[in-house]
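Trainee: In order, the protein sequences belong to chains A and B.
Each residue of the first sequence is one higher than the last, beginning at 7 in my numbering.
Each residue of the second sequence is one higher than the last, beginning at 1126 in my numbering.
If you are wondering where the hints come from, they were derived from the structure by calculation, not from laboratory data.
Note that the structure is predicted; figures quoted are calculated from it, not measured.
Backbone N, C-alpha and C fix where the C-beta goes; we use that ideal spot for every residue, glycine too.
It cannot be assumed that every hint is accurate.
[Said to hold, decoys possible] According to the in silico footprint, chain A covers these stretches of chain B (three or more CB under 8 Å from chain A):
| # | stretch |
| --- | --- |
| 1 | 1150 to 1162 |
| 2 | 1180 to 1186 |
| 3 | 1261 to 1271 |
| 4 | 1288 to 1302 |
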Amino acid sequence: MTCANPIAWPTLVDYWAGDLNDAETAVVDEHLFGCADCTAASARVAAVAQALRSAIQSVVLRSTVERMRARGTRIRENGFAPGDRREVEFSAEAELLIHRLGGLDLTDAERVDLRVTAESTGALVAAVEDVPFDPTEGALFIACQRHYADLPHDTVMSVSIHPAGAAADAPPRTATYTILHRFP
Amino acid sequence: MEAPDAELVRAIAAQADDAPAAEAELCRRFAPRIRLYGLRHLRDEDRAADLVQAVLLALLQAARTGRIADPDRVDRFMLGTSRNVALRMRETDARSAGDAALAAIAAPDELLERIDAPALWRCMRALDDRARRVVMLSFNDDRAADEIAALLSISAVNVRVLRHRSIAALRRCLDAPKEVDA
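Construct the complete structure from the given sequences, taking the supplied hints into account.
Mentor: This is the structure we're talking about:
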């Protein structure tokens, strides 16, 4: 049987994003319970939504690291100071590497950006604006995941700290860290 | 041709020879719908699996004793029961006691496609920066469209359009056969 009045894809995406109001959500719920075709379409959106929900962002807060650790994720944490250039190995027993980019004064930061380039070629690997940070932490936490292995391994991580208030017009403070990854 | 839902409900109520098969078929049809409802409204895979068990159990008990008033609209019975059980689960933080047979039907892996992190990552890289931010803010940070619009200085309508196009692009990418390394 084919649904005569299928729920539109944008509506299903809004539904899974929680962006429909209660009445609209109830209409979708009711349709889905009576319609196998739309249930199948909804499941296709749901699978992507669930995968995105459980995805680990590339920059996380310490609280996220602690939560993952409490859940049993095998994490290896490496500390770096500004200007460091060091090799790290993504060893077989680790599920996740956390690069702690320390030595940062974040107390007056309004926004912090991260730019990652390849040391050997200068190619841009990633540019993340407005990364999550704790002003009292003095560090950013980079969640290096095993599937990053297909990116350049010789990474230069440049942190730009944009101050708030009177210093807002001043150029951002920067710090760089060179992390050479080995994926055995 | 598949038997209509109502026919299955009536076969269960009549406790005919084909009642066990009718029960299994009704559970097979509705388990994915209840599970999706649970995922959407309880936001937790374990609790969604619990919801499937609890609602199917209620369905079978009601069908066996002829308590489904309108077998032609068994979907409404399922939705109403799902709403009530989910509400109770939210209020009490309860987990169901469990039932082995129903647990097999509610097993998460069989009901929802699993997308692994490398596959998602591969497809996310094909999106542009703004599209990536919109989908991550929507689903990873649970931000509403209005909130994302303010953050990115675009309209909420734009956020929604970007989001549904991005999810469609991710879907196409995930469905495409993987390139095989030479």
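Trainee: Does each hint fit the structure? Answer for all of them.
Mentor: Status of the hints after comparison with the structure:
Remark: the stretch 1150 to 1162 of chain B is confirmed as covered by chain A, as 6 of its residues place a Cβ nearer than 8 Å to a Cβ of that chain, reaching the required three. Closer than 8 Å: that is the beta-carbon criterion, and the stretch 1180 to 1186 of chain B has 0 residues meeting it against chain A, so the requirement of 3 is violated. A count of 7 residues in the stretch 1261 to 1271 of chain B with a Cβ less than 8 Å from any Cβ of chain A is obtained; the coverage claim is therefore met, three being the minimum. Restraint check on the stretch 1288 to 1302 of chain B versus chain A: 7 residues with Cβ-Cβ distances below 8 Å, three needed, restraint holds.
Checked against the numbered hints given earlier, the structure breaks only hint 2 and satisfies all the rest.
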